[in-house]
Amino acid sequence: MGLELKPPAAEPSENGNPADAKPEPAPPGEPGGVVRRLYDWADERLGLTELRKFAAKKTVPQHRHSFWYYFGGISLFLFIVQVFTGVLLLVYFRPGPEAYDSVRRITYEVHFGWLIRSAHAWSAGLMIFAVFVHMFSAGLMKAYRRPREFTWWAGIVLLLLTLGFGFSGYLLTWDEVAYFGTKVGIEVAEKTPVLGKPYANLLRGGPDVNENTLQRFFALHVVVFPLLFMPVLMLHLWLVSKHGNAVPPSEEAKPAGERKSIPFFPNFLMKDLAMWLITLNVIALFASFFPWQLGSQADPLKPAPQGIHPEWYFMSSFQVLKVFGNWFPGAAGEMLGMSVFTLGLVLWFLLPLYDTSERRGRRARLATYFILFALGVLVVTTIWGYAAL
Amino acid sequence: MNYPVWDVPVIGSGWVIGIIAIIHVLISHFAVGGGIYLAVAEWKARREGRTDWLPYLKSHSYFFLVLTGVYGAVTGVAIWFAIGLAHPEGTSTLIHNFVFGWGIEWVFFLVELTAAAAYYYTWDRIPPKLHQFVGWVYAGASVLTLVIINGILTFMLTPGAEWLAVAGTGREAGEFWNAFFNPTYWPSLVMRTAVCLAMAAIWGLVSASRLDPKSQAGLKTAVVRWSAWWLIPAFVLMPLCFVWYLYMIPPDRSGLLELGVTTIGQGTFTQVTRAALVSVMTSATVLAIVYFIAYQRPTEFTLGHAIAVLGIALAATGSTEYSREMLRKPYVVADHMYSSGVRKSDVERLNRDGYLTHSPWVGEAAAGPHDRGRLMFLGQCASCHTPDGYRPMKTLLGDRDRKAIENLLETLHANKDDSPYRKFMPPLVGTPDERAALADYLLTPSPRRGPRGSPALASGR
Numbered sequence: 002m003g004l005e006l007k008p009p010a011a012e013p014s015e016n017g018n019p020a021d022a023k024p025e026p027a028p029p030g031e032p033g034g035v036v037r038r039l040y041d042w043a044d045e046r047l048g049l050t051e052l053r054k055f056a057a058k059k060t061v062p063q064h065r066h067s068f069w070y071y072f073g074g075i076s077l078f079l080f081i082v083q084v085f086t087g088v089l090l091l092v093y094f095r096p097g098p099e100a101y102d103s104v105r106r107i108t109y110e111v112h113f114g115w116l117i118r119s120a121h122a123w124s125a126g127l128m129i130f131a132v133f134v135h136m137f138s139a140g141l142m143k144a145y146r147r148p149r150e151f152t153w154w155a156g157i158v159l160l161l162l163t164l165g166f167g168f169s170g171y172l173l174t175w176d177e178v179a180y181f182g183t184k185v186g187i188e189v190a191e192k193t194p195v196l197g198k199p200y201a202n203l204l205r206g207g208p209d210v211n212e213n214t215l216q217r218f219f220a221l222h223v224v225v226f227p228l229l230f231m232p233v234l235m236l237h238l239w240l241v242s243k244h245g246n247a248v249p250p251s252e253e254a255k256p257a258g259e260r261k262s263i264p265f266f267p268n269f270l271m272k273d274l275a276m277w278l279i280t281l282n283v284i285a286l287f288a289s290f291f292p293w294q295l296g297s298q299a300d301p302l303k304p305a306p307q308g309i310h311p312e313w314y315f316m317s318s319f320q321v322l323k324v325f326g327n328w329f330p331g332a333a334g335e336m337l338g339m340s341v342f343t344l345g346l347v348l349w350f351l352l353p354l355y356d357t358s359e360r361r362g363r364r365a366r367l368a369t370y371f372i373l374f375a376l377g378v379l380v381v382t383t384i385w386g387y388a389a390l
Numbered sequence: 002m003n004y005p006v007w008d009v010p011v012i013g014s015g016w017v018i019g020i021i022a023i024i025h026v027l028i029s030h031f032a033v034g035g036g037i038y039l040a041v042a043e044w045k046a047r048r049e050g051r052t053d054w055l056p057y058l059k060s061h062s063y064f065f066l067v068l069t070g071v072y073g074a075v076t077g078v079a080i081w082f083a084i085g086l087a088h089p090e091g092t093s094t095l096i097h098n099f100v101f102g103w104g105i106e107w108v109f110f111l112v113e114l115t116a117a118a119a120y121y122y123t124w125d126r127i128p129p130k131l132h133q134f135v136g137w138v139y140a141g142a143s144v145l146t147l148v149i150i151n152g153i154l155t156f157m158l159t160p161g162a163e164w165l166a167v168a169g170t171g172r173e174a175g176e177f178w179n180a181f182f183n184p185t186y187w188p189s190l191v192m193r194t195a196v197c198l199a200m201a202a203i204w205g206l207v208s209a210s211r212l213d214p215k216s217q218a219g220l221k222t223a224v225v226r227w228s229a230w231w232l233i234p235a236f237v238l239m240p241l242c243f244v245w246y247l248y249m250i251p252p253d254r255s256g257l258l259e260l261g262v263t264t265i266g267q268g269t270f271t272q273v274t275r276a277a278l279v280s281v282m283t284s285a286t287v288l289a290i291v292y293f294i295a296y297q298r299p300t301e302f303t304l305g306h307a308i309a310v311l312g313i314a315l316a317a318t319g320s321t322e323y324s325r326e327m328l329r330k331p332y333v334v335a336d337h338m339y340s341s342g343v344r345k346s347d348v349e350r351l352n353r354d355g356y357l358t359h360s361p362w363v364g365e366a367a368a369g370p371h372d373r374g375r376l377m378f379l380g381q382c383a384s385c386h387t388p389d390g391y392r393p394m395k396t397l398l399g400d401r402d403r404k405a406i407e408n409l410l411e412t413l414h415a416n417k418d419d420s421p422y423r424k425f426m427p428p429l430v431g432t433p434d435e436r437a438a439l440a441d442y443l444l445t446p447s448p449r450r451g452p453r454g455s456p457a458l459a460s461g462r
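In order, the protein sequence lines correspond to chains A and B. Per the numbering used here, the very first residue in the first sequence carries number 2; after that it's consecutive. Per the numbering used here, the very first residue in the second sequence carries number 2; after that it's consecutive.
Hints are computed from structural coordinates only; laboratory data are not their basis. Every residue, glycine too, gets a C-beta built ideally from N, C-alpha and C. There could be a bad hint or two in this list.
To be verified - Straight-line C-alpha distance at most 27 angstroms; calculated DSS-like pairs for lysine-lysine:
{"#": "1", "chain 1": "A", "residue 1": "Lys255", "chain 2": "B", "residue 2": "Lys59"}
{"#": "2", "chain 1": "B", "residue 1": "Lys215", "chain 2": "A", "residue 2": "Lys261"}
{"#": "3", "chain 1": "A", "residue 1": "Lys58", "chain 2": "B", "residue 2": "Lys45"}
{"#": "4", "chain 1": "B", "residue 1": "Lys395", "chain 2": "A", "residue 2": "Lys303"}
{"#": "5", "chain 1": "A", "residue 1": "Lys255", "chain 2": "A", "residue 2": "Lys59"}
{"#": "6", "chain 1": "B", "residue 1": "Lys330", "chain 2": "B", "residue 2": "Lys417"}
{"#": "7", "chain 1": "B", "residue 1": "Lys59", "chain 2": "B", "residue 2": "Lys130"}
{"#": "8", "chain 1": "B", "residue 1": "Lys330", "chain 2": "A", "residue 2": "Lys59"}
{"#": "9", "chain 1": "B", "residue 1": "Lys424", "chain 2": "B", "residue 2": "Lys395"}
{"#": "10", "chain 1": "B", "residue 1": "Lys404", "chain 2": "B", "residue 2": "Lys424"}
{"#": "11", "chain 1": "A", "residue 1": "Lys58", "chain 2": "A", "residue 2": "Lys303"}
{"#": "12", "chain 1": "B", "residue 1": "Lys215", "chain 2": "B", "residue 2": "Lys417"}
{"#": "13", "chain 1": "A", "residue 1": "Lys261", "chain 2": "A", "residue 2": "Lys59"}
{"#": "14", "chain 1": "A", "residue 1": "Lys303", "chain 2": "B", "residue 2": "Lys404"}
{"#": "15", "chain 1": "A", "residue 1": "Lys303", "chain 2": "A", "residue 2": "Lys59"}
{"#": "16", "chain 1": "B", "residue 1": "Lys345", "chain 2": "B", "residue 2": "Lys215"}
{"#": "17", "chain 1": "A", "residue 1": "Lys184", "chain 2": "A", "residue 2": "Lys59"}
{"#": "18", "chain 1": "A", "residue 1": "Lys261", "chain 2": "A", "residue 2": "Lys54"}
Unchecked claim - Here are a few chain B residues that face chain A, going by a calculated C-beta distance under 8 angstroms:
{"#": "19", "residue": "Asn3"}
{"#": "20", "residue": "Arg51"}
{"#": "21", "residue": "Leu55"}
{"#": "22", "residue": "Val207"}
{"#": "23", "residue": "Gly266"}
{"#": "24", "residue": "Val279"}
{"#": "25", "residue": "Thr283"}
Next up, chain A with everything else stripped away, as it sits in the complex (with noise of 0.2 angstroms):
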């Protein structure tokens, strides 16, 4: 049994061009004569063959930094994934003063509610980290040179979702850890020079965190950050399949004859689709071993628990925040950190503009450099954060 579908036995077209033959009707009373008029009444409605040929032509480089292409598809898995648990969660979840309730209804009472929650809770964690691994590589390789600049800006963009995801979904438990690692977050971004209040108060629904901080969430979490999220996932997705996957400058220079790749469809596929299932395994044994519990219900009156701190996600900010506020005691300190963390993200926005040659110049250099700088300092003030907890 193969996966490669035998193109039908086409008649010539009316106007010679081959793209418009019309395939053999398909002998009446066999097995293999149903299912192919039931192919050919469906390409001839959405053009199923165009479709083939489209993604017989595209291939898929192959050369020893190929394995990264993954993540780039892993991350779309994902997502897939936050979606479908999302839904299901969504039909008990009830957002205002029965929130607490209905999250401890999901994880005590219905069945499998645990491991739903569990597999959302785990894969939303395991997207973020594969969303990094993917820019960094991408970063590294220099995918975001021309072509492929926009490609680039809408992974940042959903780099930025997809930790709104992470950030909104998190208070919608309403638990002690939740209500409180929200509110130091929000306090934290308040801090932004000029429009960190407006956007804090915009955020929280008023001067605290409340229920309509939760019900603002909610709505960004399962309706806005959604429609946002979709069409910069399709267009992303739209201007990869144009310009197909970038190869690092190493390979770049290698002639053309000894550059090696693959078929998309189906060999690429089958690995990718390989890949999603090691991932669906790898959220199936944290959910199933490391179960997400619950807290106990969120108390605004109590002072925050000790030792309270963000998802990992934001340990680096976090941390990288409160080393500044050691420099420069008060508010100089917070809003210097975070005009260092805005002017990094729009250099890090800028750098297909700076780095544009395809040559390995100095840019290039400098380039890479800024990347490796990024990916130490996340990954260090991560540890240390943690560490110093």
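Could you slot chain B onto chain A? The hints should help.
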């Protein structure tokens, strides 16, 4: 507490057995299935004139010899050390009941290992027919090792009514055959045989993946596809055997499988459900990856792919063995000996006379109440719990105060039919003073450091 307690921090002594045993199962099942694989492969290659297979099979048999003869044997012996240290009471029961079984097992091991070495070292040195015969000797001996160990393992879950009727009377050895061919023996044997064939496939793919896709394309295609076929018996038989297996175990044991369906709360025993879910998912993944990558694209199947499949198979093995072990709770030998090492028949006596009173290893170590509490913990809780590592008491007890802890211990001690813990926790035995000492010990924030405000106690072992 007839033996000293092996206190392993963080993971607990049970996981020392678990880690060693999971690796051992991965290799030992290959030892059985792989032996059959090699014998059948050599027979097929000679019969069909596939001369290019023979050098490959020779190198695979070398890999087989080193892996099973070294790592399989070492981990197998390591299990003996681990179970003797972690659960000497249970080990003693198995030895005394199955001494003949262990004896014959070692005879089969001897034949197996000798045949494995002879199989590799006589390749191209003795006539093909004789070499084939050596292969079949190995295959037969290794299957017989499975036949024996399966009886002993399954006995622990379903000892059978005949053996239970004489348990504790000194006449247990007279029921050797009933204990051996117990209710879950046959479904387990069929399941494990199928798993052995699956392991032969997976490890065979590890070897086959290393063939050069350019110069050995034909050989690689043939061997990879042929190896993949060896997964089929497992995936056809496993679901059927699983249903058969569940049918043969008592309802109170199989009921543990359902505990994790509705809840994941602290204090509920959801391990069996969760491990079973992982087992099903990872097993299906192995089949999917082997079919879509190895079988469909054999020349593109690399060592990296094979290692990934092996990793997933390890997860499948680990989760299946873990769920099987958890299914036995609260017993280590069902209806006879609890996980704590206390025999069901001794509960009344220990409650009346005291748990520590009947422990020859206690002695001077039980000087003060905190010492006695710690010894109660080590003797009756440490086989499944650690203070703040695996299944930590600190987390499970939460913010309970003294009264709440005492109520919990009383519930465990009374072990009534409606107790929520009865399904998976042994009864807590001992006098009221001993139970109070345990409550005092559990009340400390970090039991290893001692009571609040007091220096660490150096004694207590």
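Going down the list of hints, with the structure as the test:
A hinted pair counts as satisfied when its Cα atoms are at most 27 angstroms apart, and lysine 255 of chain A with lysine 59 of chain B does not qualify at roughly 40 angstroms. Pair hint lysine 215 of chain B plus lysine 261 of chain A holds up; C-alpha atoms about 15 angstroms apart against a cutoff of 27 angstroms. Distance restraint check for lysine 58 of chain A and lysine 45 of chain B: the Cα-Cα separation of roughly 41 angstroms exceeds the 27 angstroms cut-off, and the hinted pair is therefore not satisfied. Distance check on the hinted pair: lysine 395 of chain B and lysine 303 of chain A sit about 23 angstroms apart at the alpha-carbon level, within 27 angstroms; holds.
A hinted pair counts as satisfied when its Cα atoms are at most 27 angstroms apart, and lysine 255 of chain A with lysine 59 of chain A qualifies at roughly 20 angstroms. As the CA atoms of lysine 330 of chain B and lysine 417 of chain B are separated by approximately 16 angstroms, the hinted pair is consistent with the 27 angstroms bound. For the hint pairing lysine 59 of chain B with lysine 130 of chain B, the CA-to-CA distance comes to about 15 angstroms; that is within 27 angstroms, so the pair holds. Between lysine 330 of chain B and lysine 59 of chain A the alpha-carbon distance is near 55 angstroms, which puts this suggested pair outside the 27 angstroms criterion.
A C-alpha spacing of about 22 angstroms is found between lysine 424 of chain B and lysine 395 of chain B, which places the hinted pair at or below 27 angstroms, so the restraint holds. The suggested pairing of lysine 404 of chain B with lysine 424 of chain B holds, with an alpha-carbon distance near 24 angstroms, which does not exceed 27 angstroms. A threshold of 27 angstroms between alpha carbons decides the hint, and for lysine 58 of chain A with lysine 303 of chain A the separation of about 62 angstroms lies outside it, so the pair is violated. Restraint check for lysine 215 of chain B and lysine 417 of chain B: not satisfied, since their Cα atoms lie roughly 69 angstroms apart, outside the 27 angstroms limit.
With a C-alpha separation of about 13 angstroms, the suggested pairing of lysine 261 of chain A with lysine 59 of chain A holds against the 27 angstroms cut-off. Taking the CA atoms of lysine 303 of chain A and lysine 404 of chain B, the gap is about 26 angstroms. The hint holds against a cut of 27 angstroms. Among the hinted pairs, lysine 303 of chain A with lysine 59 of chain A is inconsistent with the structure: their alpha-carbon atoms are about 58 angstroms apart, more than 27 angstroms. Proximity of lysine 345 of chain B to lysine 215 of chain B is assessed by CA-CA distance (about 64 angstroms); at most 27 angstroms being required, the pair is judged violated.
Simply put, lysine 184 of chain A and lysine 59 of chain A have alpha-carbon atoms about 48 angstroms apart, too far for the 27 angstroms limit, and the pair is violated. For the given pair, lysine 261 of chain A sits about 20 angstroms from lysine 54 of chain A by alpha-carbon distance, which is consistent with the 27 angstroms threshold. Residue-level restraint check for asparagine 3 of chain B is violated (minimum Cβ-Cβ distance to chain A is 34 angstroms; threshold 8 angstroms). For arginine 51 of chain B, the interface hint is violated, since its Cβ never comes within 8 angstroms of a Cβ in chain A; the closest pair sits about 24 angstroms apart.
With a least beta-carbon distance of about 30 angstroms to chain A, the hint placing leucine 55 of chain B at the interface is violated under the 8 angstroms criterion. Of the supplied interface hints, the one on valine 207 of chain B is violated, with its beta-carbon coming no nearer than about 17 angstroms to a beta-carbon of chain A, more than 8 angstroms. At about 5 angstroms, the closest approach between the beta carbon of glycine 266 of chain B and any beta carbon in chain A falls short of 8 angstroms, and the interface hint on this residue holds. With its C-beta approaching chain A no nearer than about 5 angstroms, valine 279 of chain B sits inside the 8 angstroms limit, and its interface hint holds.
Annotation: interface hint on threonine 283 of chain B holds; nearest CB of chain A at approximately 6 angstroms, less than 8 angstroms.
Checked against the numbered hints above, the structure breaks hints 1, 3, 8, 11, 12, 15, 16, 17, 19, 20, 21, 22 and satisfies the rest.
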